[in-house]
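Numbered by UniProt numbering, the letters in the sequence shown go through residues 1 to 173 in order.
It is worth saying that the hints were derived from the structure and are not from the lab.
Please note that a few of the clues may not be correct.
Here are the simulated DMTMM-like pairs of lysine to aspartate or glutamate, each with C-alpha atoms no more than 25 Å apart in a straight line [what the hints assert, rightly or not]: (1) Lys-136 with Asp-83; (2) Lys-47 with Asp-33; (3) Lys-136 with Glu-86; (4) Lys-44 with Asp-33; (5) Lys-47 with Glu-112; (6) Lys-48 with Glu-59; (7) Lys-166 with Glu-100; (8) Lys-44 with Glu-168; (9) Lys-154 with Asp-93; (10) Lys-47 with Glu-135; (11) Lys-166 with Glu-98; (12) Lys-136 with Asp-93; (13) Lys-48 with Asp-33; (14) Lys-136 with Asp-153; (15) Lys-48 with Glu-66; (16) Lys-166 with Asp-83; (17) Lys-48 with Glu-135; (18) Lys-154 with Glu-66; (19) Lys-166 with Asp-33; (20) Lys-166 with Glu-59; (21) Lys-166 with Glu-145; (22) Lys-154 with Glu-98; (23) Lys-44 with Glu-66.
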Amino acid sequence: METAKILEILGYTLPSLVTGGVAYFLFEGSFKDQQNTRRWLLQKENKKDILPLRLQAYERLTLLMERIHPAQILLRNTPVTNDKIEYENFIIDQIQQEFEHNLSQQIYVSGECWSIIQTAKNATIQMIRIASQNEKVQTAADLREFVVSSLVDKAAPTYAALDLIKQEVGQLW
Numbered sequence: 001m002e003t004a005k006i007l008e009i010l011g012y013t014l015p016s017l018v019t020g021g022v023a024y025f026l027f028e029g030s031f032k033d034q035q036n037t038r039r040w041l042l043q044k045e046n047k048k049d050i051l052p053l054r055l056q057a058y059e060r061l062t063l064l065m066e067r068i069h070p071a072q073i074l075l076r077n078t079p080v081t082n083d084k085i086e087y088e089n090f091i092i093d094q095i096q097q098e099f100e101h102n103l104s105q106q107i108y109v110s111g112e113c114w115s116i117i118q119t120a121k122n123a124t125i126q127m128i129r130i131a132s133q134n135e136k137v138q139t140a141a142d143l144r145e146f147v148v149s150s151l152v153d154k155a156a157p158t159y160a161a162l163d164l165i166k167q168e169v170g171q172l173w
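Please put together the full structure from these sequences, using the hints given.
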């Protein structure tokens, strides 16, 4: 009699467990699909809002690279005195100020892009420092002339950053 009772209980319990298990897996799959759909819609909505901000960041970083281009910054900032060290420090300060003004843009660009921009800034500063240490450079005017003439032989460090910015903007479309 015990066995019959156990079989009867199993007869009612087993189909209920199977039905419950099937329902659980179906609802779980449905909930995951709904969650993925909501996430996709949210990302789609955010992209619409973030794209203009990212484009503006790339524009500002492009402007930064143009403004710290060695020839541009030297021609835009004429020496006040003839002292090359004072002029060198002034130009480096201008580059640092331009860079610091655009620090917040790094959150909108890739890590690689931001790294290249920092490298371009540092290479530009290094170019000016090396030019200032050259024996031929005696005055601030000589420093300007030396840096600008050296750009005839080689590309400015900012060109690599500008190329990468253009590539990243091209990938946004």
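Results of checking the hints against the structure:
1. Lys-136 with Asp-83: 14 Å, holds
2. Lys-47 with Asp-33: 21 Å, holds
3. Lys-136 with Glu-86: 17 Å, holds
4. Lys-44 with Asp-33: 16 Å, holds
5. Lys-47 with Glu-112: With a Cα-Cα distance of about 21 Å, the restraint between Lys-47 and Glu-112 holds, given a limit of 25 Å.
6. Lys-48 with Glu-59: 18 Å, holds
7. Lys-166 with Glu-100: This hinted pair holds, its Cα atoms lying about 22 Å apart.
8. Lys-44 with Glu-168: Measuring from Cα to Cα gives roughly 19 Å; hence the hint holds.
9. Lys-154 with Asp-93: Distance ~24 Å between Lys-154 and Asp-93 Cα, so the pair holds.
10. Lys-47 with Glu-135: Not satisfied, since the Cα-Cα distance of roughly 54 Å exceeds 25 Å.
11. Lys-166 with Glu-98: Since the Cα atoms of Lys-166 and Glu-98 sit roughly 20 Å apart, the hinted pair holds (cutoff 25 Å).
12. Lys-136 with Asp-93: Holds, at roughly 23 Å.
13. Lys-48 with Asp-33: 23 Å, holds
14. Lys-136 with Asp-153: Roughly 17 Å separates the two Cα atoms, so the pair holds.
15. Lys-48 with Glu-66: 28 Å, violated
16. Lys-166 with Asp-83: Between Lys-166 and Asp-83 the Cα gap is close to 38 Å, so the pair fails against 25 Å, i.e. violated.
17. Lys-48 with Glu-135: Given pair Lys-48, Glu-135 is violated - Cα atoms ~55 Å apart, limit 25 Å.
18. Lys-154 with Glu-66: At roughly 16 Å apart (the allowed maximum being 25 Å), Glu-66 and Lys-154 satisfy the hint.
19. Lys-166 with Asp-33: 37 Å, violated
20. Lys-166 with Glu-59: Within the cut-off at roughly 10 Å; holds.
21. Lys-166 with Glu-145: 30 Å, violated
22. Lys-154 with Glu-98: With a Cα-Cα distance of about 23 Å, the restraint between Lys-154 and Glu-98 holds, given a limit of 25 Å.
23. Lys-44 with Glu-66: 33 Å, violated
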